[in-house]
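2 protein chains.
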Amino acid sequence: MNERPRPEGDPVTGDKLVVFTPSGRRGRFPVGTTVLDAARSLGVDIESACGGNAQCGRCQVELCEGEYPKHGVTSCADHLSALVTEEHERGLAPGRRLSCTARLLGDVVVDVPPASQVHRQVVRKAADARTVETEPAVRLYTVEVQQPDMHSPSGDLTRLEDALEFEHGLSGLAVDAAVLPQLQPALRAGAWVATVAVHLPHRTLIGIWPGRREEVYGLAVDVGSTTIAAHLCRLGTGEVIAAAGRMNPQIRFGEDLMSRVSYVMMHPGGEKELTGAVRAAVEALADEVARDAGIAREDIVDASFVGNPIMHHLLLGISPVELGGAPFALAVDRAVTQPAAELGLAFHPGARAYVLPCIAGHVGADTAGVLLAERPDLSDDMTLLVDVGTNAEIVLGNRRRLFACSSPTGPAFEGAQISCGQRAAPGAIERVRIDPVTLEPRIRVIGCELWSDEAGFAEAVAGTGITGICGSGIIEVIAEMYLAGIVLPDGTIDGALAERNARVRQDGRTYAYELVAGAEGRAPLCITQNDVRAIQLAKAALYAGVRLLMERAGIERVDRIRLAGAFGSHIDVKYAMILGLIPDCSLDHVSSAGNAAGTGARMALVDVRARREIENLVRRVEKIETAVEPRFQALFVDAMAIPHRTDPYETLRAAVTLPEMPTATAAEAPRGRRAGRRAVR
Amino acid sequence: MNERPRPEGDPVTGDKLVVFTPSGRRGRFPVGTTVLDAARSLGVDIESACGGNAQCGRCQVELCEGEYPKHGVTSCADHLSALVTEEHERGLAPGRRLSCTARLLGDVVVDVPPASQVHRQVVRKAADARTVETEPAVRLYTVEVQQPDMHSPSGDLTRLEDALEFEHGLSGLAVDAAVLPQLQPALRAGAWVATVAVHLPHRTLIGIWPGRREEVYGLAVDVGSTTIAAHLCRLGTGEVIAAAGRMNPQIRFGEDLMSRVSYVMMHPGGEKELTGAVRAAVEALADEVARDAGIAREDIVDASFVGNPIMHHLLLGISPVELGGAPFALAVDRAVTQPAAELGLAFHPGARAYVLPCIAGHVGADTAGVLLAERPDLSDDMTLLVDVGTNAEIVLGNRRRLFACSSPTGPAFEGAQISCGQRAAPGAIERVRIDPVTLEPRIRVIGCELWSDEAGFAEAVAGTGITGICGSGIIEVIAEMYLAGIVLPDGTIDGALAERNARVRQDGRTYAYELVAGAEGRAPLCITQNDVRAIQLAKAALYAGVRLLMERAGIERVDRIRLAGAFGSHIDVKYAMILGLIPDCSLDHVSSAGNAAGTGARMALVDVRARREIENLVRRVEKIETAVEPRFQALFVDAMAIPHRTDPYETLRAAVTLPEMPTATAAEAPRGRRAGRRAVR
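In order, the protein sequence lines correspond to chains A and B. Take 2 as the starting number for the first sequence in our numbering and just add one per residue. Take 2 as the starting number for the second sequence in our numbering and just add one per residue.
Treat the hints with caution; some may be incorrect.
If several chains are the same, the list does not tell them apart, and a pair holds so long as it fits within one copy or across any two.
[Unchecked claim] Calculated cross-link-like contacts (lysine to any residue; reagent style SDA-like; alpha-carbon spacing at most 20 Å): (1) K273 - P182; (2) K273 - N617; (3) K575 - R445; (4) K273 - P350; (5) K273 - I296; (6) K273 - A628; (7) K273 - T238; (8) K575 - Y69; (9) K575 - G173.
Think of the hints as simulated: they come from the structure by calculation, not from any bench. All values reported here derive from a predicted model rather than from experimental measurement.
Next up, chain A with everything else stripped away, as it sits in the complex (with noise of 0.2 Å):
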């Protein structure tokens, strides 16, 4: 505690600030309100099972006591009401609650520990797309075994396959060599009841426990090229009751995918240490959600792996260098179940792995993860799936076909190759307005609730400082150039600006947009010429792949657009839109898909349906490959212009005020299906 007066809620309504971790969501509320209901009205995951009665105990949060200028806050354990018996009977750790019984007296920071955090949004997944039945690949049967007769001897696990298939039905089936020791103790000591586990893919029996067992887990595993996510489920339900994720240790050998390739390529072998890094973190964090869910990471008998062409086949010990270069040859493209020891995973001596497949070269298993999750073929609308990294992995179709291509964005997206961009992180800028009038910006930065013109938002920040600009920052400040004219459609900055707004100034031959000022011998950030060029590369060539699945799926507007990642998830879709990123859409119509290849790799994890369906989906996919694709250039090209030379963006115009589209020529409109299109305006 300390002298300052408690930030005592709304001055006017007197509602109370509750700030979610690690989410960031935030909100007021009135006195009394259960942090339970908070997170629900903000969209906060907390798993409750027991409908806020203070019985399941799985509704956990911990209050996170002490300052935090950057929210306006100070929490600390009196501004929450007192424990009741239940949180006393439960034994709760210090600093957690029950968000179900806790009430809001006073503004609050409030952590949503891993094991409390992600069942909703797998229900809520199951609830979307299908019923919440798991079929699990790895199943549990009990079963009671004959004794050993001198008069008739057979070995013990001939008996106990004899119990599998009068029992279950289950008959031929192998048996990892693991199991056979295991054999005699179990059946001894569950006094001839046992529990085994059967891959049943594979109709293989890979684990042997005493008496009756109700539970094994599994762990779906998403590796990106920058963090690694693990969500522990239990198999026979699907339920998630933990998560974690970590950095990729792989980005000491090389920050983006391609300085990857090259570390292998210079570093014969290299391979092997990049395979030992990812194993090693998948490892760690099995350890974590173990730890946190109270099992150990020996009743984890399967897992799923979804990831980029990279990650896939590094995770595999295979040597990604034919990845690096044409023909972009992936070694293997079907799905791989394999022991998981087999690939250096100590989980269960007998556990299992499960890798989705992959599309092409440059189109994952991440993409079919995003593919399962979406399944875009079960609907007649004609839907686009963007997945934005360094490559844009682009599927769109619906019930009749799909198409699938990699467009080669770079790393602008991601704040590479931005003269200020950075990694969104707190200090940077993550969301511009420019007043079309004075070209006056005003700036949120990750960290800070507060808009820049808002009072105290120059201490909020003063923490961090403002440090650069983040991927979603750059598509907002480029668009909102472009929207307050300082960059015309062809994306130059106007230097005609210059002038007459000292937030336009020269820089060399080019001009520059003053974004924040420098002060006290710190360097003003600027968005510069080359930056908006950057960003038009990148841009023009997702909305170029695109356009040539769309070319082949013989469509000129889709119905829906479904953006999965991190990029998704941050981005105001609008922005994306106005600058020509994604083509023209009902904006109603454009939605986060969140982790999409993760919700995919739960669902592999826990249905081996969903498994055979993946598997088919992806050999009905048409891939096409933009490296050899003669239209790929000419529609890149069109696409350079902001937001497109030819795209009338009719939609998005009728909710948004652009600029006028610079006048097309008829000798400029393309030739072919093209040439029936009306003219542009």
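Fit chain B to the given chain A structure using the hints.
Here is chain B on its own, set in the frame of chain A:
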């Protein structure tokens, strides 16, 4: 060389002596005989593929230079003809000769190295029983794989699988994780031609090499409690290209099986040490045979194993404690096929291991190997197979039915429990003859080919001394004592003889026979009443087991007896029958089956049909547990007499003059199915 005149052959015929190691076989041949011819006439296995024309180089032997007083030989290079041109051209290692060109000029000791040793043995076996065709579990397939095409992206594995299906009709293969990293380098190094190894029983791709490859190898291993023997075979042809054996290092945990089981009972988890020891020995043998054959250990892609149930379990990492007591439950009786790596064996990363099935708690995969090598089920003759170790494993049957049991003979046949018993090693008495009039013995000792009444015997054994009596010696001495009337049919040493012959003397309350007189402070070697009783118990157990199976089969006579294993190779079957170890049978129809268990392992290694056959055959075997069979005790008591209380041994008596049998009264004759037998004389 030394001053002594060279031993220049037989003083009468001038023939030269040749001694082959490691077999110890020896013989005299005219000057100019080739070493290969000498070997052949002695039954020494030396490989030769070119018909003795100095072309194939496979018949290499090594001249052992120096003095061999035990053999009465000085062996030196000029006791063989000079090197011929072909030998010079081949660049043989020092001391090496081609046995087809080296001719005897004097006495020599010649070592047959493993690489030259064993081919004939398998060819003989194969020629015995069936055609030499093989159908290995792991087969090689060479394919030409389509190159990747960006326009139709597919993984290299998919195109490899397409080629395997197109060229060889193979589809739906699983793929080992270890293959995936090899795939792309192999296809490119081989210019899109590659050879893959497929484990056909599991339809799994286990290995890949660039270009064409013609040969891979397998290892057949006989895991005995005392020694482990390994044969390296070409999988394509079944040919044995190297062999090696070594002591089972588990001996440090206990000389016999039960003491090893006790070790595990006393040291929970101790099975890991025993498993580690046997696996390390298998790997060392693999290294040895691979080196001898000039291949890499990684070229071994399949392995087969036989062993008694305890060795079988320990190889698989299973604690043998359940086998140490009733109900003697095997963990697994069916055949086991696993990746060799899962058994802790580092051959090729995808290598498989096949462990033959066990038959019952005391009748193991070694007996399955004997069954496979001997195939009693293919004949109408009623065949008795006996494999004597600490237990005797017994199989009886023909085309119609097969029976098996194990008899608790104890280790007396191995020289244990005998006052002067020892393992078969230089210095051990292996042959005995007793003059029925004077009761004077003549003996032969391992490591010396002279009988004790021949000139030079004392000098020849001076080095080792006469240290004890081995298994075959103890059978002979007691049988000869019986033939000489020293041992009466009830097993008593006849004390009445002590009055008139110094060889028979009082030994406490019983009598003993002095086989070797004491000298120079060395105690005499005597056969005591306890020694005779130990052999009586062992032989009665063996006979009772055999008779139990004969009763089950409803037969009074067997047509053929095959004695497997080292004991069977060394004993004189006549003496075994005189003592009543085995039932009456024409001596012409009693023979050694050699290392039939090891032969069975080799057959299973190179032929999947043999695996199916033995798996089916083992299921057909009717297992009889002597420990719970009431008849066993009665049969055991009858079998205590020498040769037997009721069995007339008519065939044997026609060939050998036996002492009169004691008269059995009609009241003593057993009832039931034996009641109709002729009265014994």
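Name the hints, by number, that the structure is in violation of. Hints 2, 5, 6, 7, 8, 9 contradicted; others consistent.
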